[in-house]
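Novice: Here is what each chain is made of, one letter per residue.
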Amino acid sequence: MRGWAVHGRDGTVLRPLVALVVSAVFFVPLYFVLVNVFKPGPEIASNPAAFPLPPTLDNIVALLTRSDRLFWASLVNSVLVTALSVVVLIVFSAMLGHYVARSRSGWVRWLTLVLLSGLMIPPQVILLPITRVLRLFDLMATMQGLILFNVGYYVPFGVFVFTGFLRQVPRELEEAAAIDGASRMQIFWKIVFPLLRPASASVMIFLGVWIWNDFLNPLIILGPGKGTTITTGIYRAIGQYQADFGQVFALMFMATLPVLIFYLLLQKDFVKGLTGGATKG
Amino acid sequence: MEEGILTGRRIWHFATFAGPGLLAYGCFVLAPIVLSVGYSLTNYNPLRPSTRFVGFENYAALVTDQQFLASLRVTTIMTLIVVIVPNVVGLAVAVMLDRRGALYNALRSVFFTPMVLSSVVVSVIWTRLLASDGLVNQVLGWFGVTEPPGWLSDPNLALYSLSSVICWQMLGFCVVVYLAGLQGVPQELQEAAAIDGAGPLLRFREVTWPLLAPALTINTVVLLISAFKIFDHVQVITNGGPGTGTTATVAFTVLQTGFVANRQGYASAMAIVMLVIIAVASALVLKVLQRREVQL
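Residue numbers (my numbering), protein chains in the order written: chain A, 1 to 281; chain B, 1 to 296.
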């Protein structure tokens, strides 16, 4: 039986082999970055596929010690924008989601519809007027402006996740606390919000990765020269240093490392969040 | 008196819980859409102060604007490729990886990784890979191809090269969703069908595929919405070229017209048309696919 299984027509040998080859081909672009980060500049052009022997840290060192501090400045901006946007988004959308999920009035259904339609609105449709709205508040080309925009633009996603989650949390806990005389705010922060932890994790993971990777919004809102995030920093680097791809690869590697570590640590939650609806429909 | 206190409480509840989120959404999404509609009826151009109301002139001009029509064509082709290819290939990869074990877990990570990469990073990688002296053409050279294609410089090819890059990045999403769908297929159903003498292909068609209907719906709608607003890859890889408008999507053309050419009224009309198309297309696709789910 065993011997049959090894040579079986169901591909007991074939399947891992095919899977390995297909994945290897798919992996080539990632391999390409990884090896070239640790290779001296001239070799990147002449021999892009070769393994870096001996590996060098020159590209990374050169990037970290750049006189215009492109990497460090971009990193600080990206961390600030991502962290602050995500924290505000979790608070705002948890509260709004709670309001929507617990309200019994009819117009809230309309409100939900208006909010959810925000999930498909492309940024291109709103960015032209956004620059005017931000100028009105004197927030154009500032981090605060970008953070506020992120909050408004991504709040529908947060509300979508939190309301979905809250529908499975029984109301009785809250009602009992209300009878005991606790205020709505106390009930929300002391009882409801701790229960929402899995939903908060989902929102943090997705919005964290999206906002970190955002290119168009920081490009337009921060504008040229007014500070870069990691992504607009890469874009600027390919414009400036067309020849020095060693440094560009190092920048891409360092820019992706935090997200990659974050993602590998939370891979299970990430996949779970993505597939919540895939099996239920 | 009692009632007054109750209404007051309701308003307070609304203001404190729903207020902050709605205010941000209103200021940065709803108001801009309304403003966009307003702009689209004017000849607004920040460099030329005399803004006036022009009615539907911008919309009328769009119908004969070769640049805009070309961008619609580019977006349509790109959207078709990006909706179909990752769906089909993603399903095949998911079926291939639908096994337990460390090997398959590791291979899944390979396919998921591009999902967390910035599209700028993906674009720069592929720009290098597809350059005329890039890795792809070097490999072709090993196989004796002396005149390799200009993946990004040939106007007839660039759109397809660009679409392939986007497919590469989106594939992981489809794989995740299909894998979850596959894990939801009850083993007993498969076994029952096998006992009845159904081969693997027939089992897939009659048992697995119908149960994957929700996964197909999610993938198609998400890919459709994402494909429609593709901007980053165009901006970084081809900047709309080679030549004029061979890879300029609607999303790209809106921003070029608005921020580079400063024709903001006209660009707003484009943006509104884009919004209407995306809303109608996704509602239509969702309706068709969900009806199919019910029938299955």
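Simulated from the structure, these hints should not be mistaken for laboratory data. Any given hint could be a false lead.
[Claimed, not checked] Here are the computed lysine to aspartate or glutamate pairs in the DMTMM-like style, where the Cα-Cα straight-line distance is at most 25 Å:
1) K272/A / D154/B
2) K272/A / D196/B
3) K287/B / E188/B
4) K190/A / E172/A
5) K268/A / D98/B
6) K190/A / D180/A
7) K272/A / E147/B
8) K190/A / E175/A
9) K268/A / D244/A
[Unchecked claim] Examples of chain A residues lying across from chain B (beta carbon under 7 Å, computed):
10) T12
11) L14
12) T112
13) P122
14) I234
15) L257
16) P258
[Claimed, not checked] Footprint (simulated), chain B over chain A, 3 or more residues, beta carbon under 8 Å:
17) 23-34
18) 50-59
19) 64-77
20) 123-133
21) 193-204
For clarity, every value in this text was computed on a predicted model and none was experimentally measured. Yeah, the Cβ is synthetic: ideal placement off N, Cα and C, and Gly gets one too.
Novice: Does each hint hold? Answer for all of them.
Specialist: To see whether the hints hold, each was checked on the structure:
Between K272/A and D154/B the CA atoms are separated by roughly 42 Å; this puts the pair beyond 25 Å, and the hint is violated. Simply put, K272/A and D196/B have alpha-carbon atoms about 34 Å apart, too far for the 25 Å limit, and the pair is violated. Proposed proximity of K287/B and E188/B is contradicted: the alpha carbons are some 31 Å apart, above 25 Å. Distance check on the hinted pair: K190/A and E172/A sit about 15 Å apart at the alpha-carbon level, within 25 Å; holds.
Under the criterion of a C-alpha separation no larger than 25 Å, the hint pairing K268/A with D98/B is consistent with the structure, at around 16 Å. For a cut-off of 25 Å, the pair hint linking K190/A to D180/A stands: about 13 Å separates their Cα positions. Taken as a hint, the K272/A and E147/B pair is broken in the structure, with Cα atoms around 47 Å apart against an allowance of 25 Å. Between K190/A and E175/A the CA atoms are separated by roughly 13 Å; this keeps the pair inside 25 Å, and the hint holds.
Under the criterion of a C-alpha separation no larger than 25 Å, the hint pairing K268/A with D244/A is inconsistent with the structure, at around 37 Å. For T12/A, the shortest C-beta to C-beta distance to chain B is roughly 10 Å, which exceeds 7 Å, and the interface hint is violated. The restraint placing L14/A at the interface with chain B is violated, with a minimum CB-CB distance near 10 Å, outside the 7 Å limit. Checking T112/A against chain B: minimum C-beta separation of about 11 Å lies over 7 Å; hint violated.
The beta carbon of P122/A is positioned within 7 Å of a beta carbon in chain B (closest approach about 4 Å), and the interface hint is therefore held. Interface hint at I234/A: satisfied, since its Cβ lies 5 Å from the closest Cβ of chain B, which is below the 7 Å cut-off. The interface hint given for L257/A is broken, as the beta carbon of that residue sits about 11 Å from the closest beta carbon of chain B, more than 7 Å. Taking 7 Å as the C-beta cut-off, the interface hint given for P258/A is violated, the closest approach to chain B being about 10 Å.
Counting residues of the stretch 23-34 of chain A whose CB falls under 8 Å from any CB of chain B gives 8; the rule of at least 3 is met. Restraint check on the stretch 50-59 of chain A versus chain B: 0 residues with Cβ-Cβ distances below 8 Å, three needed, restraint violated. With 0 residues having a Cβ less than 8 Å from any Cβ of chain B, the stretch 64-77 of chain A misses the three-residue criterion, and the hint is violated. For a cut-off of 8 Å, the count of residues in the stretch 123-133 of chain A with a CB near a CB of chain B stands at 10, and the three-residue condition holds.
With 0 residues having a Cβ less than 8 Å from any Cβ of chain B, the stretch 193-204 of chain A misses the three-residue criterion, and the hint is violated.
The structure shown violates the earlier hints numbered 1, 2, 3, 7, 9, 10, 11, 12, 15, 16, 18, 19 and 21.
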